[in-house]
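Chemist: Work from the hints to combine the two standalone chains into their complex.
Chains as they are written, first to last, in our numbering: chain A, 1 to 104; chain B, 105 to 311.
Derived from the structure by calculation, the hints contain no laboratory data. Some hints here could point you the wrong way.
[As the list claims (entries may be wrong)] Derived, one-sided and incomplete: chain A residues facing chain B with beta-carbon distance under 8 Å:
1. Thr7
2. Ser28
3. Met76
4. Thr83
5. Tyr87
Predicted model only: the values in this text are computed from it and were never measured. Beta carbons: idealized from backbone N, C-alpha and C, even for Gly.
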Amino acid sequence: MTGLAATLRIALVWLALLGLLAMTVGASFLPLGTVSPAVSYGIAAIKAGFIFWFYMEMRTEHPLPRLATVAAIVWMVILLTLTWTDYATRPPPSSATRSLPQPE
Amino acid sequence: MSDAGTLREPFADLARQRETQRFGMLVFLASEAMLFAGLFGTAMALRMVHPGDYVAGSRGLHLWFGTANTAVLLTSSAVAALAVEQARRGKGRRASALLVVAAGLGVLFLLIKFGEYAIEYREGVVPLLAPSALHASGQTLFMTLYFFATGLHALHVIAGIVIMGVVARWATASSDRTATAVGNAALYWHLVDVIWVFLFPTLYLAR
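So here's chain B without its partners, still in its complex pose (with noise of 0.2 Å):
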C-alpha cells in the first residue's frame, strides 16, 4: 500500500489507474455529500418553521470563532492543492510537508471548535447537557442541530487529518507521480472544507 505510484492489477497503465480511483473518491465523495445534504434540508425546515427562533439561535452563535474556522479551513485547503501540486513534480518529501501543514491547520480548526464549544457549554445553551438559557422549543432544536451538524463535520476533519497524516508517510516513501494518494487525500478534505463553507452561512449567518 505504501507505493501509490506502483501499477497494479487490473489496469494497463498508471493513468488509467489514477483514473479510476480518483473516480471512486469522487464517488464516495459525492455520497458524503448526500449524507450533509439530509442536515441542509433539515436546516431548511426548521427556518422555514421556527423563523424566528432560528435567527435568534444564530444570533446566539460566535460569529468570530466560526469566521476564523472558516479562513483557517479555506487556508489549509490552498495548503493541500500545493501539496498535490509538488507531487506531480516529484517532489515527494515538500508534498508530505504541506500535507502535514494542511493536517496540522486542520487541528487548529478542532481547537478553535472545541473552545467555541466550551463557551456555549458555559453559556448553557447545550441541549440535554446544560440546557439552562435554553427556553424557545425551536432555539433547543437550532442548537440540536448546530451541534449535531459541526459534530459531524468535526469527525470528518478528524478524518481528513488521519488520512493526510498517513498519505504524507507515503508521499515521502514513495515518488506518487500520478499524485494519486495525496490527489485522493487532498480531495477528502477539499470536500470538508465545501461542506464548511455551507455550514457556515446555514449556521453563523442566518442572522
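Chain A on its own, in the form it takes in the complex (with noise of 0.2 Å):
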C-alpha cells in the first residue's frame, strides 16, 4: 500500500509539472511585457520546488542535506541579486560618454 502511495505521489506530481510546462508556454503568448519574466521565473521556480521536495526527497530528509539544499539556493541569490544591481545602476551608455573628461 505505501509502495502505491508512492507511486502515486510521483504521477500526481508528474502531472502537475507537465501543467506546469503547459501554463508557462501559454503565458509567453500572452502581453504581459515587463511581468513576463517573473511569471516564468515564477513558475521555474514552482517546478524546481516540486523536483526539490518530493523527486529529490527533501520531504524526508534530515536538516543537514536540506541546508545544503538551501546553502546552494543562497549563494545563488546572492551572485545573481549582486550582478543584478551592478547592471540596474549603471548610468546608460550616452550619458558614461558626455561625463568623461574631453581630450584637450
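Modeler: Here is the structure:
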C-alpha cells in the first residue's frame, strides 16, 4: 500500500509539472510586458520546488542535506542579486560618455 | 564497487553510510548549480544590456523543440524517482529497468536537441560556424550564450545517462536496499532536470 501511495505521489507530481509547463508556455504568448519574466521564473521556481521536495526527497530528508540544498540556493541568490545591482545601477551608455573628461 | 548496499569502513551502520554519501552528492550538486549560476548571471546581464536583441534571439529559437524537451526531461525525472522507490522496496531488477527507461528518455532529449542544432545550423544562426543570419551583436551574444548553456547542459545529460546506465547494472547485481547508488544517480538526474527547468524560460520564453 505504501508502495502504491509513493507511485501515485510521483505520478501526481509529474502531472502537476506538465501542467505547469503548459501554463508557462501559454503565458509566454500573452502580452504581459515586464511581468513576463516574473511569471516564467515564478513557474520555474514552483517546478523546481516540486522536484526538490518530492523527487529529490527533501520532504523526508534530515536537516543537514536540506541545509546543503538551501545553501546552494542562497549563494546563487547572492551572486545573481549582486550582478543585477551592478547592471541596474550603471548609467546609460550616452550619459557615461558625456561625463568623461574631454581630450584637449 | 558493485554492491552499494554493503557496509564499509569507517561507518558504523548502513543508515549513516547512506546519509554521508547522499550529503556528499548534494554538496557536489550545489557546486554544479554554482557553475550554471554563472551562466544565468550572464543571461541576466545580456538581457539588461541588449533587451531588444535578447527578445529577438529568443523568438528566433524553436519553442516547440524546447517545450518537447522539457516534457521529456520532466518525465525522465519521474521515472528515475520511481526507480528509487523500487530499489528501496528491494525490487532491484525493476529499479534497473526504470533507470534504463530514464536514460533512454535522456537519449531522446539529446536527439531532439541535436536535431534543433542542425536546423539552427541551416538557418545560419550559429556564431563562428554558420553566422550568415546573425546581424546585431546582441543577437550573436544571445546565440553564443544559447549554444554554450545548452551545450554544457547536454554534457551533463550525457554524464547522467552514463551514470544511470552504470548504476542500472549494479542495481540488478545487488539489492540496493538503502537506495544509495540508485538514489544518488537519480539526484544527479533531477539536478540536470532542474537546470533545464530554468534554462527553458531563460532562453526560450523571453518572448
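Chemist: Hint by hint, note whether the structure agrees.
Modeler: Against the structure, the hints come out as follows:
no., hint, result
1, Thr7, "holds (6 Å)"
2, Ser28, "holds (4 Å)"
3, Met76, "holds (4 Å)"
4, Thr83, "holds (4 Å)"
5, Tyr87, "holds (4 Å)"
Of the hints listed earlier, there is not a single one the structure fails to meet.
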